[in-house]
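*Asks:* Chains as they are written, first to last, in our numbering: chain A, 1 to 264; chain B, 1 to 666.
Derived from the structure by calculation, the hints contain no laboratory data. Among these hints, one or two may not hold up.
[As the list claims (entries may be wrong)] Cβ-Cβ distance ranges computed for the label pairs, FRET-style:
| # | chain 1 | residue 1 | chain 2 | residue 2 | range |
| --- | --- | --- | --- | --- | --- |
| 1 | B | ARG182 | A | ALA242 | 54 to 60 Å |
| 2 | B | PHE422 | A | GLY26 | 26 to 32 Å |
| 3 | A | ILE125 | B | ILE330 | 20 to 26 Å |
| 4 | A | ILE125 | B | GLU472 | 33 to 39 Å |
[To be verified] What the simulated footprint calls covered on chain B by chain A, stretch by stretch (three residues with Cβ under 8 Å from a Cβ of chain A suffice, anywhere in the stretch; the number is not a length):
| # | segment |
| --- | --- |
| 5 | 493-499 |
| 6 | 505-514 |
Beta carbons: idealized from backbone N, C-alpha and C, even for Gly.
The residues making up each chain are set out below.
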Amino acid sequence: MSDHSASAPSAQRGLHARELTVRYGGLVANDSVTIDVEPGRVVGLIGPNGAGKTTFVDAVSGFTAAEGEITLDGARIDALPPHERRAAGLSRTWQSGELFGNLSVAENLLVAARTGGWRTLARDIFVRRRRGAGDEVAARALEVVGLDGVADTLARDLTLGQQKLVGVARALAGGAEVLLLDEPAAGLDSMESQAFAARVRSIADSGPGILLIDHDMSLVLGVCDIVTVLEFGKQIFTGTPAEARTDPTVVAAYLGAPVEASHA
Amino acid sequence: MGTFLQFVVLGLGLGSIYIGLGTGLLLVHRATGIINFAQGAMAMWGAYVFAQLRVDGRLVFPIGSIEFARRPTVAVAAVIGLVTAFVLGLVVHYLVFRPVRNAPVLAQVVVSVAVMITLQALVVLRFGANNIDVASILPEGTIHVLDVDLPTREIIMAAIMVVLAAAVWAYLRFTRAGVATRAASENERAAVLMGFSPDRLAAVAQVVAVMIGTISVMLGSSLTGLNPDNYTLLVVPALAVLLVARMESIGVVVVAALLLGAFQSVIGLLVTKSWWPVWAQSGLDQVIPFAVVMVILFVQGKRLPSRGSLQTLRLPDVAIPKLKPIPAVILLVLGVAALSLTTGTYRFGVTTSIIVMLLALSYVVITGYLGQISLAQGAFAGAAGFCLSKVTTEWGVPFPLSLILCALVATALGMLVALPAFRIRGAQLAIITIAAALAIERFVFNNYTLTPPEGNPIADATLLGLNLGVREGRDLSRMAFSLMVLVVAAILVWVFIRVASGDTGRTFLAVRANERAAASSGINVRKTKLIGFAISAFIAGIAGCLIGFSRGQLSAESFTVFAGLQVLAVAYLGGITSVGGAIVAGVLGPLGIVYVLLRGVFDLGEYYPLISGLGLILTAILNPVGIAGATREQVDWVRSKLRRGPAAGPSAETGSAAPRKEPSRV
Numbered sequence: 001m002s003d004h005s006a007s008a009p010s011a012q013r014g015l016h017a018r019e020l021t022v023r024y025g026g027l028v029a030n031d032s033v034t035i036d037v038e039p040g041r042v043v044g045l046i047g048p049n050g051a052g053k054t055t056f057v058d059a060v061s062g063f064t065a066a067e068g069e070i071t072l073d074g075a076r077i078d079a080l081p082p083h084e085r086r087a088a089g090l091s092r093t094w095q096s097g098e099l100f101g102n103l104s105v106a107e108n109l110l111v112a113a114r115t116g117g118w119r120t121l122a123r124d125i126f127v128r129r130r131r132g133a134g135d136e137v138a139a140r141a142l143e144v145v146g147l148d149g150v151a152d153t154l155a156r157d158l159t160l161g162q163q164k165l166v167g168v169a170r171a172l173a174g175g176a177e178v179l180l181l182d183e184p185a186a187g188l189d190s191m192e193s194q195a196f197a198a199r200v201r202s203i204a205d206s207g208p209g210i211l212l213i214d215h216d217m218s219l220v221l222g223v224c225d226i227v228t229v230l231e232f233g234k235q236i237f238t239g240t241p242a243e244a245r246t247d248p249t250v251v252a253a254y255l256g257a258p259v260e261a262s263h264a
Numbered sequence: 001m002g003t004f005l006q007f008v009v010l011g012l013g014l015g016s017i018y019i020g021l022g023t024g025l026l027l028v029h030r031a032t033g034i035i036n037f038a039q040g041a042m043a044m045w046g047a048y049v050f051a052q053l054r055v056d057g058r059l060v061f062p063i064g065s066i067e068f069a070r071r072p073t074v075a076v077a078a079v080i081g082l083v084t085a086f087v088l089g090l091v092v093h094y095l096v097f098r099p100v101r102n103a104p105v106l107a108q109v110v111v112s113v114a115v116m117i118t119l120q121a122l123v124v125l126r127f128g129a130n131n132i133d134v135a136s137i138l139p140e141g142t143i144h145v146l147d148v149d150l151p152t153r154e155i156i157m158a159a160i161m162v163v164l165a166a167a168v169w170a171y172l173r174f175t176r177a178g179v180a181t182r183a184a185s186e187n188e189r190a191a192v193l194m195g196f197s198p199d200r201l202a203a204v205a206q207v208v209a210v211m212i213g214t215i216s217v218m219l220g221s222s223l224t225g226l227n228p229d230n231y232t233l234l235v236v237p238a239l240a241v242l243l244v245a246r247m248e249s250i251g252v253v254v255v256a257a258l259l260l261g262a263f264q265s266v267i268g269l270l271v272t273k274s275w276w277p278v279w280a281q282s283g284l285d286q287v288i289p290f291a292v293v294m295v296i297l298f299v300q301g302k303r304l305p306s307r308g309s310l311q312t313l314r315l316p317d318v319a320i321p322k323l324k325p326i327p328a329v330i331l332l333v334l335g336v337a338a339l340s341l342t343t344g345t346y347r348f349g350v351t352t353s354i355i356v357m358l359l360a361l362s363y364v365v366i367t368g369y370l371g372q373i374s375l376a377q378g379a380f381a382g383a384a385g386f387c388l389s390k391v392t393t394e395w396g397v398p399f400p401l402s403l404i405l406c407a408l409v410a411t412a413l414g415m416l417v418a419l420p421a422f423r424i425r426g427a428q429l430a431i432i433t434i435a436a437a438l439a440i441e442r443f444v445f446n447n448y449t450l451t452p453p454e455g456n457p458i459a460d461a462t463l464l465g466l467n468l469g470v471r472e473g474r475d476l477s478r479m480a481f482s483l484m485v486l487v488v489a490a491i492l493v494w495v496f497i498r499v500a501s502g503d504t505g506r507t508f509l510a511v512r513a514n515e516r517a518a519a520s521s522g523i524n525v526r527k528t529k530l531i532g533f534a535i536s537a538f539i540a541g542i543a544g545c546l547i548g549f550s551r552g553q554l555s556a557e558s559f560t561v562f563a564g565l566q567v568l569a570v571a572y573l574g575g576i577t578s579v580g581g582a583i584v585a586g587v588l589g590p591l592g593i594v595y596v597l598l599r600g601v602f603d604l605g606e607y608y609p610l611i612s613g614l615g616l617i618l619t620a621i622l623n624p625v626g627i628a629g630a631t632r633e634q635v636d637w638v639r640s641k642l643r644r645g646p647a648a649g650p651s652a653e654t655g656s657a658a659p660r661k662e663p664s665r666v
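All chains should be built: construct the whole structure from the sequences, respecting the hints.
*Replies:* Structural data, given as C-alpha cells:
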C-alpha cells in the first residue's frame with residue numbers, strides 16, 4: 001500500500017481527478033492536477049497558502065469551472081452540478097464551516113440526509129410523520145465524529161472546532177463514497193487534533209476514501225496513506241508520507257526542515 | 001419615417017426622467033449600497049410642491065400649508081421645489097437610510113419600499129389622487145430637421161438632463177469627494193482614509209439624487225401632468241436602466257434611458273397600427289422594461305456588481321412551527337367568534353383580514369423561509385382572481401375545483417418568476433419581481449381584451465347545494481361565505497405548518513442561510529426555489545380567488561402593485577417569519593378589521609396607507625422581527641425566567657451569525 005502512486009489508477013472505484021486545470025482570468029490556480037482517492041484511503045493534500053488546495057476541492061465538488069476529467073466510481077461527474085455530485089457520493093466540507101447557523105446541529109445534518117424535492121413536499125403534506133425519525137440519523141453522524149450533547153444546539157452557538165466537526169458529520173450524513181475535508185482540524189487544539197486524526201482513520205476504515213487538506217503537518221503525515229504537494233497550482237510531489245519527509249522538492253517548498261514533522 | 005422620428009423625439013421626454021431617476025439611483029447605490037425603490041416617489045414630492053405653487057400659489061408641507069397672495073414666478077417656485085427636495089433628501093437619509101446602512105438587504109429593500117408607499121400616500125393625501133395638469137416651463141415649438149417638424153421641448157429637456165448627468169459623472173470622476181464616494185462603495189474604510197466621512201458622502205449623494213430626480217420630474221410633468229401612482233412607479237423602468245448600466249456607468253444610464261424612452265414612445269405609435277394585434281396593445285410599454293431587465297440579468301447574471309451579494313440575506317430567526325391542537329382550536333374559535341359577533345361592514349373586515357393573512361403567509365414562505373424578496377405576490381393573487389372570473393362565469397367550474405384551478409394558474413406564474421431567482425438574489429430579485437408585477441398589471445389586468453372594462457363578474461360559490469355567496473338580499477356579508485374563507489384559510493395554514501416543519505421547510509431554511517453550503521449538502525437550490533415560489537404563489541392565488549369571491553367582480557384596481565406592496569408592509573410589520581406574524585398582518589392589513597375600525601370609528605380611513613407606510617419604516621429600522629417576533633421573544637424570555645430563575649437573559653441576537661460569504665455558483 002505504501003508504494004502506491006497516483007499514476008496507477010488500477011481500480012475505478014473512488015474518486016479519480018485527471019489533469020484538472022482551473023484558470024481564474026490569467027492565473028492558473030490548478031495546473032493539470034491528478035489525484036486519486038480510493039475507498040478506504042486517506043490522501044493528504046498539502047502546500048503553502050495560495051497553492052490551490054481549496055481551488056482543487058472547489059473544482060472537484062463543482063463550485064469552480066475546471067478542465068479535465070473527474071470520475072467517481074467509474075462514472076464521469078465533471079459535468080454535474082454540485083448537488084448531483086453530492087448525490088453521487090462526493091461530499092465536501094468548507095474551510096469556514098459554512099453551517100446553517102440558524103438551524104440546530106441535528107437539523108444541519110438532516111438537511112444533508114433529506115434534500116427535498118417535489119415528492120418530499122407531497123410527503124410533508126400528506127404522510128403522517130414518525131416522531132423523532134430524524135434523531136437517529138443525526139445521532140449516528142455525530143457519533144462518528146465524536147460529538148455528543150450538541151444535537152439541539154444552534155450551529156452558530158458552537159465553538160469553531162465543534163463547527164468543523166459538525167461540518168464533517170454533515171458531509172457524512174446521507175452517505176458518502178469520498179470525503180473532501182478542507183482544513184477540518186483548523187481551530188482544534190493538539191489533543192483534539194490527534195483524536196480527530198484517529199477518527200479520520202476510522203472513517204476511512206469503514207469505507208469512504210478521504211482527501212484531507214490541512215496545515216497541521218503531524219496530522220497529515222501521520223494519518224495519510226499518500227500525500228500530494230501543490231505549489232503555485234502545480235503538483236510537485238505525490239508519494240508516501242515517509243517519502244515526502246525526505247523529498248528535496250517538498251522540503252524546499254513547504255516543510256522547511258526534514259525532521260520537524262517526524263514526531264507524529 | 002417622419003412620424004417615426006417625431007415619436008422618437010417625443011420619447012426623449014420620458015427618457016429624460018429616466019436619466020434623472022437612474023442617475024440618482026446610481027449615485028445612491030454607489031454611496032450606500034442601497035437600491036432606493038423610493039427614488040421616483042422622492043423626486044415627485046418636490047415637483048408636486050412646484051406644481052401646486054404654480055397652480056394656486058399654495059406651498060404645501062406634509063402637514064399644513066402656506067398660501068401666497070400672488071402666485072410665485074416659475075423661478076421662485078422652482079427654487080422652493082428644489083429646497084423641498086434638498087430637505088427631503090436629508091431627512092430621508094438621516095432618519096431612514098442611515099439607520100439601516102449596515103442592515104441586511106431585505107431590511108434595506110423593505111425600508112425603501114416603505115418610503116415609497118409612504119410618500120405616495122402622502123402625495124395622495126396632500127395633493128389628491130388625480131392628475132394635476134402643469135403648464136410647460138420649456139418653450140413649446142418645433143424645429144425643422146430632415147423635412148420633419150420635431151418638438152423642441154423634449155430636445156431641450158433631454159439636453160438639460162444630459163448636462164446634469166454629466167455634472168454628476170464629473171463629480172464622481174474628478175472631485176476627491178466623488179472618488180471617495182466610489183471608493184466607499186467598495187470599502188468604507190477607503191473613504192475614511194481619504195479624509196471623508198462615508199456618512200456625509202452618502203448624505204450628499206442622497207440629496208443630489210433627489211434634486212436631479214426632482215428637476216427631471218418638474219420638467220417632465222409639463223409633458224404628462226403629475227400623477228402619484230405613475231411617477232412613483234417610474235422608478236421601475238429607471239431600475240431597468242440602472243441594471244443595464246451595471247450600476248456603475250452614468251454614460252450608459254444616459255444612453256439606455258433615452259433609448260428606453262424613445263422605444264416606449266415608438267411602441268405607443270406602433271400599437272395604433274391596424275396590423276398590430278389588439279390583445280397586445282395595452283401595457284406594452286411596461287413589458288419592455290421587464291424584458292430588458294430579464295435579458296440583462298440572464299446575459300450578465302453573476303457579473304452584476306453588488307455590495308449586497310457579499311452578504312447573505314440575514315433575516316430574523318425562524319421558530320419551526322408545530323401543530324398544536326389547543327392553540328389551533330383557540331384561534332379557530334376566536335375566528336368564528338369574531339365573525340359571528342359582527343355583521344355587515346365589520347364582518348366583511350374580519351373576513352378580509354383572514355384573506356390578507358393568507359397573502360401575508362405567502363410572503364412568509366418566500367421571504368421568511370426561503371429568503372427571496374418577491375414584490376410580485378399581488379400580481380399572483382390578481383392572476384388567480386381574473387382567472388376565477390373566467391372559470392366560474394364562462395366555464396361554470398364548480399367551487400372547490402375553481403379555487404384550486406385558479407391557484408394553480410398563479411402557481412405557474414410564480415414558477416415563471418422564480419426563474420430569474422436562479423441567478424440573482426437580494427435587491428436585484430426585488431427589482432425583477434416588481435418589474436414583473438408591473439408588467440402583469442399593465443399588460444394583463446389592464447388589458448381590455450383579457451379583462452373587460454365593464455367588469456369581470458365572479459359567480460358565487462356553492463357547495464353541495466349550500467350557497468357560499470358573500471351577499472344575499474340586504475345581507476352584504478353572509479356568515480356562510482365568511483366561514484368558507486375561514487375553513488380555506490385554516491386548511492392552508494395547516495398545510496403550511498406541515499411543510500414548514502417538514503423536510504421541505506428545512507431545505508428552505510438551509511437555502512436561506514447559505515446557498516453554497518446547501519448545494520454541497522446535496523440540495524438542488526434551483527428546484528428548492530421553484531418549490532418555494534410555487535407554494536407561495538399558490539397561497540397568494542387562493543387569497544386572490546377569495547378576494548374575487550368577496551367582491552363578486554374584479555377590476556384592475558383590485559390588484560395594484562401598491563396593494564401588493566402594502567401587504568408586504570404589513571407582513572413585515574407583523575413578522576415575516578411566522579404564522580403569528582401573518583395573523584397580525586391580516587388584522588392590520590389593507591381593508592382588514594383595523595382599517596374598517598379606523599374608517600368607521602375614527603374616520604381615519606384615508607390615512608391608512610400613510611400609517612401603514614410609516615409603521616413599516618419604523619418596524620424595519622427598530623424591530624426587524626416584527627410584532628409577532630417581538631412578542632415571542634418576550635414570551636420566551638418570561639418562560640426562561642420562570643424556568644431557570646432570573647439569571648437567564650433574553651436572546652438578543654436576531655440575525656444569523658453565518659459568516660459573510662460569496663454567492664454560490666450554482
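*Asks:* Taking 54 to 60 Å as the hint, is the beta-carbon distance of ARG182 of chain B and ALA242 of chain A inside that range?
*Replies:* Check passed, 55 Å falls within 54 to 60 Å.
*Asks:* Quick one: are ILE125 of chain A and GLU472 of chain B within 33 to 39 Å, going by C-beta?
*Replies:* 35 Å, holds
*Asks:* Tell me if the beta carbons of PHE422 of chain B and GLY26 of chain A are separated by a distance inside 26 to 32 Å.
*Replies:* 29 Å, holds
*Asks:* Okay, ILE125 of chain A versus ILE330 of chain B on CB: inside 20 to 26 Å?
*Replies:* 24 Å, holds
*Asks:* With a Cβ-Cβ cutoff of 8 Å, does the segment 493-499 of chain B contain at least three residues near chain A?
*Replies:* holds (count 3)
*Asks:* Cut-off 8 Å, C-beta pairs, minimum 3 residues; does the coverage of the segment 505-514 of chain B by chain A stand?
*Replies:* holds (count 8)
Comparing the model with each earlier hint shows no violations; every hint is respected.
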